[in-house]
Amino acid sequence: MSSIQLEIQLIASVVALACALPGVYLVLRKMAMMSDAISHAILFGIVIAFFVTGDITSPFLIAAAALTGLLTVSLVELIYRTRLVKEDASIGLVFPLLFSIGVILISHYADRVHLDTDAVLLGELAFAPFNRLVIWGIDWGPKALYVMGGILLLNAGFIYFFYKELKLATFDPALAAALGFAPGLIHYLLMGLVS
65 MSSIQLEIQL
75 IASVVALACA
85 LPGVYLVLRK
95 MAMMSDAISH
105 AILFGIVIAF
115 FVTGDITSPF
125 LIAAAALTGL
135 LTVSLVELIY
145 RTRLVKEDAS
155 IGLVFPLLFS
165 IGVILISHYA
175 DRVHLDTDAV
185 LLGELAFAPF
195 NRLVIWGIDW
205 GPKALYVMGG
215 ILLLNAGFIY
225 FFYKELKLAT
235 FDPALAAALG
245 FAPGLIHYLL
255 MGLVS
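Here the numbering used here is used: the first residue of the sequence shown is 65, the next is one more, and so on.
Hints are supplied without guarantee of correctness; some may be wrong.
As the list claims (entries may be wrong) - In silico BS3-like links for lysine-lysine, alpha-carbon gap of 30 Å or less: (1) K94 x K231; (2) K150 x K207; (3) K150 x K94.
Please keep in mind that the hints were generated in silico from the structure rather than gathered at the bench.
Assemble the whole structure, with the sequences as input and the hints as a guide.
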């Protein structure tokens with residue numbers, strides 16, 4: 065196995081771990097489709113952040129993606145609270161809207177930039193090792209490994225320090241509120257981690 069193949073598998077493993085940690089709580093809360101909605105809707109935030117910064121490698125793209133994920137969750141809950149549609153229908157209204165706006169913005173306004181619609185929509189894990197982290201002339205490995213490693217540490221740290229609160233808010237939000245925890249805040253923090 066070559067070093068590039070090893071790096072690809074290492075990146076894939078770190079991504080899988082980083083996604084699995086908060087994903088467990090989504091499944092327990094019966095919100096698995098919300099992760100799909102967030103993963104598509106964040107394209108809108110990434111594109112807007114790119115237009116603001118003009119840099120495809122800016123860390124603000126990750127922050128904008130997380131904020132757009134929270135916006136997605138808020139809009140889904142807002143539409144669901146009207147009781148005009150079911151929760152799955154509200155997900156089906158919000159994420160295609162934000163996703164399609166992101167695709168339209170890329171198609172029409174990012175044509176002179178190396179921001180290809182196919183690359184954004186499909187991605188290619190095999191190319192991740194070619195974007196290297198070089199500091200003071202030293203190659204430290206793929207940037208994606210460090211970015212996802214940081215996200216993995218953030219997710220693991222949150223779950224480690226707030227395990228009791230997460231467990232209680234997941235299985236019995238009313239008891240969590242009665243005991244003085246803020247299940248709504250815990251919910252949005254979890255959605256921020258998923259984003």
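Status of the hints after comparison with the structure:
| no. | hint | verdict |
| --- | --- | --- |
| 1 | K94 x K231 | 14 Å, holds |
| 2 | K150 x K207 | 41 Å, violated |
| 3 | K150 x K94 | 14 Å, holds |
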